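Below are the chains, spelled out letter by letter.
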Amino acid sequence: MNPPCPTIAKYLLLLVSVILLSPLLSTPEAQAIPAFARKYDVNCTVCHTRAPRLNRTGERFLENGYQLPGTEDGGTTKKFRLGDLTLDDVTNYLGFRLRGNALRTVDYARHAPGTNIDGNPEDRTEFGFPEVFSLFTAGTVTNNVGFFAEIESNLEEDETGVERAFLTFNNIGQHDWAHLRVGKFDPSAYSSYATLRQQFELVGDNSVDNGSFMLPTMNRIGLTPAAFASKFHGLFDRSGTAILPTDPSLFHAVAEMGLDIHGRPFGEWFLYQVGILNGANEPFGDSNNPKDWYVMTRFDVAQSDYFSANFSGFAYFGSNNVKVSTMADVNWSRYGFATNVRYYMVDIYAAFVVDHIANLPNSFNNTFDETATGLTVEANVLATDRLLLGIRFDHLDAGGLRTQRTSNSLLALIAKFYMRSNIALFLRDDINLRPAQGGRTPERNFRNAFFVGADVAF
Amino acid sequence: MAYLACSLPIWALATSPPNQDESVSRGKALYEKACLLCHGKTGKGNGPDAFYLGAYSAPCPRDFTEAEFKFRSTSSGELPSDEDIFTTITKGIPGFMPAFQGLSEADRWDIVRYVKSFSTLYQEAERTPIILPPGPLPATTKSVSRGREVYALLDCAKCHRPQTLQPGGLYDMGELRDRRDLKILPPDLSSPSSFKNGHRPQDIAQSILTGLDGTPMASFRETLSAQPEDLWHLVNYLLSLSRSP
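Line order of the protein sequences matches chains B and E. When you line the first sequence up against my numbering, it's residues 912 to 1369, in that order. When you line the second sequence up against my numbering, it's residues 53 to 297, in that order.
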């Protein structure tokens, strides 16, 4: 018996939130100069379509190791010399970001799904802001040597630590020939559809760990792009912690340790990237040998008349980078394609990704699907200077243990209002498009999630 | 002219190198890396990022084919001097265009030459920098007071609405628009560092005399020609509105 779905209290909370936020919507004039923009005395929109999404200039700035496109200005702009040191004002490289869902309400088809996963989901409306606080520092030490470090406190993951940290050595050989990145970074940063800087913030799963090499109790699936997700049921990292099917991973990991090289040696139309990593969910101390490696190419095929288009293809080769429940190592690899087309106010992204597991123990024959796919299509429209509307469709054809694997299709909608270019308020709704089927699995039990949140960077 | 020259920064004293096809070619390569994303392949201000910069309100990236520039040392309606373009590339535009000081001086001149190639008007047009009257004058109470009178005489408050003055200007009524019919926000006069053409007395004086072509900011050169020192009184008054000490 399902409990009475949305309660009066829930909608009262929503109403109060909207009323409280509504005066902010009329705030005039957007003249703030946020974190990274301080150094160059420019507004956020020089590098972002609308924060956090990068525009082409922002992408080139990132590729060039936090130097303006076409330049190697890291040793000069807004810096002063002290002996052989080149120093920058601290405000030119220090920033923070505060984001999260101030209010979230999640509905399920049934509150105790009758499966072998003893979940205990319940309809909830709760306050959660701030879910994520990031303190970051980034910039250049001198020309062609850059750095990035981000310390993040995440309420949902109950963790505080270094999220990403790396050094960049840029323009090796000749301008734009090769840029080296070393440290803990997001591999997909330069592809057509990157994991980070999403208008739809990644929302992690809700699950309970049941011990090493044991399947967790999953109350709610994560709300992440299906193409970037792990896709498999029944995979574990080296320590025995389950890798959940909606966690971003491999090429689309939020951060992995390793090094990579990218460049545009033949002009603006072509970018290459080659990298090597410890492996999926393999931090320092990894015994995985050999390592994982990947290659990505991106083609920027149009850049004129308010129009730009690019597409990327990548292959990620895993080697003993994940385990199954028998603790046997298997090879987890990924191949995919992504594209981004931007025309006037419309910004469209798509990615189709295939994951494959090789070297499975014989005992998993006929019980484990070795291939899984994910499709994500997203469109954003800048309706006015301050209002961005977005829609995203995800379809996950999951793999892994056949007793567990369940595909899902989700639709997400968002309306983001930018009070200033660095302060956004948003309403978001994620809807499960697949029939509930009695809520027998977490993928089908989840029905709807509604968020009211804010994203502030300074 | 002598005064203007000695008051300008060192980059404005740099002179354009001889015209060379190689320079234009180098400028094109640099432009395609550093400028194209906003100003577009054909220089029409319609690069891939342009829409998100100035889709619904000014400023949007400059259209070089029309050869209409806001920031000039030349009279209203004239093309900018080569040095004007060089200065904008070097200084940037606060809030909207980064300073490209990371490019060498030679590289910036190459870009100037390539930018000029978008319009044939440069081959025949006269471009004569205007001469600022002697100044600036000391910012005495008397000078600031006279500047306030000039501000009223020129009806500056019709568009500008410094925090220290009453609201109700044309911007508040949504009537200030640029040549592309985009809503334009006049600078906050109490925040000189946001002035797009610079906030030194000479920069402000130049903006008042030349006007900012393509925007509602007209040239006041003729109006102020009878009493040239009023220009500096007005500048002193505007700087007195600054919130910073």
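Calculated from the structure, these hints are not laboratory results. Any given hint might turn out to be false.
Distance condition first, Cα-Cα at most 30 angstroms in a straight line; then the derived DSSO-like pairs of lysine-lysine [claimed, not checked]:
hint, chain 1, residue 1, chain 2, residue 2
1, E, Lys96, E, Lys85
2, E, Lys235, E, Lys93
3, E, Lys194, E, Lys235
4, E, Lys85, B, Lys989
5, B, Lys989, E, Lys80
Just so you have them, the derived chain E footprint on chain B, three or more residues with Cβ under 8 angstroms [stated by the list, open to error]:
hint, segment
6, 976 to 982
7, 995 to 1005
8, 1155 to 1163
9, 1244 to 1253
Each pair of labels, with its calculated beta carbon distance range [unchecked claim]:
hint, chain 1, residue 1, chain 2, residue 2, range
10, E, Leu205, B, Trp1088, 27 to 37 angstroms
11, B, Leu993, E, Ser156, 36 to 46 angstroms
12, E, Lys194, B, Thr1002, 16 to 26 angstroms
13, B, Val1292, E, Ser169, 28 to 38 angstroms
14, E, Lys194, B, Phe991, 35 to 45 angstroms
15, B, Ile1062, E, Glu176, 31 to 41 angstroms
16, E, Lys194, B, Val1257, 51 to 61 angstroms
17, B, Leu996, E, Glu274, 31 to 41 angstroms
18, E, Glu274, B, Val1056, 32 to 42 angstroms
19, B, Val1206, E, Gln72, 48 to 58 angstroms
20, B, Phe1038, E, Thr275, 55 to 65 angstroms
21, B, Phe1210, E, Thr275, 50 to 60 angstroms
Source: prediction; values computed, not measured. From the three backbone atoms N, C-alpha and C, an ideal C-beta is built for every residue, glycine too.
Is E:Lys85 close enough to B:Lys989, meaning Cα to Cα at most 30 angstroms? This hinted pair holds, its Cα atoms lying about 21 angstroms apart.
A range of 36 to 46 angstroms was offered for this pair. Does it hold for the Cβ distance of B:Leu993 and E:Ser156? 24 angstroms, violated
C-beta pair E:Lys194, B:Val1257: status relative to the range 51 to 61 angstroms that was hinted: This hint holds: roughly 57 angstroms between Cβ atoms.
Okay, E:Lys194 versus B:Phe991 on CB: inside 35 to 45 angstroms? At roughly 39 angstroms between Cβ atoms, B:Phe991 and E:Lys194 fall inside 35 to 45 angstroms, so the hint holds.
With a cut-off of 8 angstroms between beta carbons, are at least three residues of the segment 995 to 1005 of chain B near chain E? Since 0 is below three, the answer is violated.
I want to verify a distance hint. Is the separation of the beta carbons of B:Ile1062 and E:Glu176 within 31 to 41 angstroms? 59 angstroms, violated
Would you say the C-beta atoms of B:Val1292 and E:Ser169 sit inside 28 to 38 angstroms of each other? 36 angstroms, holds
For E:Lys194 and E:Lys235, compute the direct alpha-carbon distance and say whether it is at most 30 angstroms. 36 angstroms, violated
When you check the alpha-carbon spacing of B:Lys989 and E:Lys80, does it fall within 30 angstroms? 26 angstroms, holds
Are there three or more residues in the segment 1244 to 1253 of chain B whose C-beta lies closer than 8 angstroms to some C-beta of chain E? violated (count 1)
Given the range 16 to 26 angstroms, decide if the beta-carbon distance of E:Lys194 to B:Thr1002 lies inside it. 38 angstroms, violated
Does the Cβ pair B:Val1206, E:Gln72 satisfy 48 to 58 angstroms? The hinted range 48 to 58 angstroms is violated for B:Val1206 and E:Gln72, with Cβ atoms some 41 angstroms apart.
Going through the hint list in order, the structure does not satisfy hints 3, 7, 8, 9, 10, 11, 12, 15, 17, 18 and 19.
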